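Peer 1: Protein sequence lines, in the order shown, are assigned to chains A and B. Heads up: the first sequence begins at 10 in our numbering, then just goes up one per residue. Heads up: the second sequence begins at 10 in our numbering, then just goes up one per residue.
Since the hints were made in silico from the structure, they are not lab data. Because the structure is a prediction, the values reported are computed rather than measured. Careful, some of the hints might be misleading.
For lysine-lysine, the following DSS-like pairs were computed, each having C-alpha atoms within a straight-line distance of at most 25 Å [to be verified]:
1) B:K103 / A:K41
2) B:K41 / A:K41
3) A:K103 / A:K41
4) B:K61 / A:K103
5) B:K103 / A:K103
There are 2 protein chains.
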Amino acid sequence: MNAQLPTELPAEIAALLKTDLDLIPAIAQDAKSGEVLMLAYMNRQSLSLTLKTGRATYWSRSRNELWEKGATSGHTQRVLAISLDCDGDAILIKVEQSGAACHTGEQSCFHNQVPLIHSAGER
Amino acid sequence: MNAQLPTELPAEIAALLKTDLDLIPAIAQDAKSGEVLMLAYMNRQSLSLTLKTGRATYWSRSRNELWEKGATSGHTQRVLAISLDCDGDAILIKVEQSGAACHTGEQSCFHNQVPLIHSAGER
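If we strip away everything but chain A, and leave its shape as in the complex, we get:
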């Protein structure tokens, strides 16, 4: 991570975020297919870097550090659009995904289907 990169979030964007929230869940969606790829977390610094570099950058909760997606795997995410939800506590980013989004090699992290108990025909 380049320490020279500015990491201050513009005030007008910071104002849209819920103030007491340090880590904001961020959904990465494939801009082309619409497939939801993964959910990770951003802090203000990683959101700022994402906006400035155009590459999805998260905050790794396990390693406690900035994590540019694909920095080691090469499976980067080029960001095409970002939006915040109505109450400023979730982020949606539309990306162009290089390779698989999941570390398992699956395209999406959401590959564990849960069987519905309810019959789809019932209301």
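Position chain B against the provided structure of chain A, taking the given hints into account.
Peer 2: Here is chain B on its own, set in the frame of chain A:
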């Protein structure tokens, strides 16, 4: 909320969830359009109810209670598919949304676009 409804999560599904996590972020996606509608939270009880009723039921962090989406607004979510992510700490549900998902009247809660600072042409 009907107190008679069974709310125990089947063991094989519980085993897929990260054990130390009480509240799990749940992404609701429109099954037909692929639009990401909202992000809310589920606990094991609300996931169990969602599986059994086929209607998306979350845990309201502000009201500290089970929240069947649309119970008051009528803007219910009929659940067509559920999947968990690779490390069991996020849920994706594909829904048939009645009316608007957002309390503002917008179809999706993610209607606050954030301008990208980075030019899309750069790499």
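Peer 1: Hints the structure violates: just list their numbers, smallest first.
Peer 2: Violated hint (a single one): 4; every other hint is consistent with the structure.
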